[in-house]
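Asker: As a plain string of letters, each chain reads:
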Amino acid sequence: MFLSVGVRFEANVEALNMVETAGNYSKHRRVPYLVEEDGKLKTVYVPALSGENLAHAYQEHLAREALSLNLPVCDDCRRGEFYKSMNRVHLEKKVSPIPGEPAKIEEAIVKACVVEDVGGFLYAENPPVRRSSAFQVSYALPVKSMALFATSEPQLHARHAQMDSSSKKGNASEQMIYYVEIGTALYGFTFNLDLDAIGVSAITSEPILDENEIKARRDAAVKALFRMLSSAQFGAKLSRFFPVGGIKEVAVAVTEHPFVVTSPIYDDYILKTERRLKVLKDFGEDYLFTAATEDRVPEEALKETVEYLKQKGAL
Amino acid sequence: MPEYEGIVKMLRFFVQTKNLGYVDRIGNALNPGPVEVTLHEALRAFRSIRENATVGEDGRRYVEKDGEKIPVPGIPSEDEVRAFLDAVRSDIGVAKRVATLALAYPSRKEGGDE
Ligand SMILES: [Zn+2]
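Just so you know, the protein sequences line up as chains A and B, in that order.
In this text, residue positions in the first sequence follow my numbering: the first is 368, and each later residue adds one.
In this text, residue positions in the second sequence follow my numbering: the first is 25, and each later residue adds one.
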């Protein structure tokens, strides 16, 4: 089964994705964006969150959910350091001696770590072994109709240190000013999860784990997403720039085969997704589509999704 | 392109500190918009770096990166920036040439401050 979620969240004064620090200036990620204004197309630079940023948060939640279900997570992933068995040094912590065939290497990694099972890995040795991620996540970008109102702004802050009595004026660093660029926008992003890829070899397409463990891992993968959305624990600088706002809308589609919801950056994404799904039904494919907008909270839609997945025997 | 030497030197400084983002965005721009935005960002970052740079005994500014002293050149002048942006608006190829020069090995030993 394939899960696709469109999320809209409002974030005021956020520093969820900082890209570089130059001197005392730390900059928010920005991307070029094509918008239409008065019938003319133009490029504007808008604040954004990278997919990498969201994926990192998701995998941290995944590690936690997996552990709470007594599923295996390797030491690196437990710490939120997603090296993903990139070389011998990291792989040897999981399996020693390292097997010679790619399929055996993949099997060993998948068995040892849920994060690498779901999030994929690249073992860059001889032989190289690659496993694609079972989840996909887009950049979070301002909703198109409001992109021109999105903004990033530097905020001035000061850091104080106790003054050293011997320090002379001019070279004392008792105070340092710095700027943090914050973003404000209504963002949209898409998250996909291919439940059929979990616990299954990407090389042989055969299951690596028994059915119960696969179901438990899918459960962890779905819960991790819901936890991430519900808790708004994604992105950086939450300790002092926890975004003011929250999840405004979600739209979830569960299908037999891959199907991606229309991007939530478009205002009519829920309607469009529904129309696209109806065509799918004509092909005899069953699906669930549920959305949470104004009067429904996101958790309600997410709960309905879990129930549907259970009823279909996927969890 | 001696008329844009200040901008080239600034971009070259970013190249030397292994920050290729600005030079790539200016060199790969397809229209003047991104060049203007990138130059603005580069100047803003550069100012900040320059203010926080160490002043050496010879009075020149430098930053240390991986144990290497990299001199910080001067800030490009307003006139130069204006002339550059005007040139880019009439020919985007100017941006590519400036970025290319910034990536090239400097032809003579450069000082920090000026
Ligand atoms: Zn792991």
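If you're looking for bench data, these hints aren't it; they were derived computationally from the structure.
Computed from a predicted structure; not experimentally measured.
Among these hints, one or two may not hold up.
Okay, derived cross-link-like pairs now, SDA-like style, lysine to any residue, Cα gap no bigger than 25 Å in a straight line [unchecked claim]:
(1) Lys33(B) to Gly390(A)
(2) Lys511(A) to Thr78(B)
(3) Lys409(A) to Lys89(B)
(4) Lys89(B) to Leu638(A)
(5) Lys604(A) to Arg68(B)
Asker: Hint by hint, say whether it matches the structure.
Answerer: Verification of the supplied hints:
no., hint, result
1, Lys33(B) to Gly390(A), "holds (18 Å)"
2, Lys511(A) to Thr78(B), "violated (44 Å)"
3, Lys409(A) to Lys89(B), "violated (38 Å)"
4, Lys89(B) to Leu638(A), "violated (53 Å)"
5, Lys604(A) to Arg68(B), "holds (22 Å)"
Hints 2, 3, 4, counting from the list given before, are not met by this structure.
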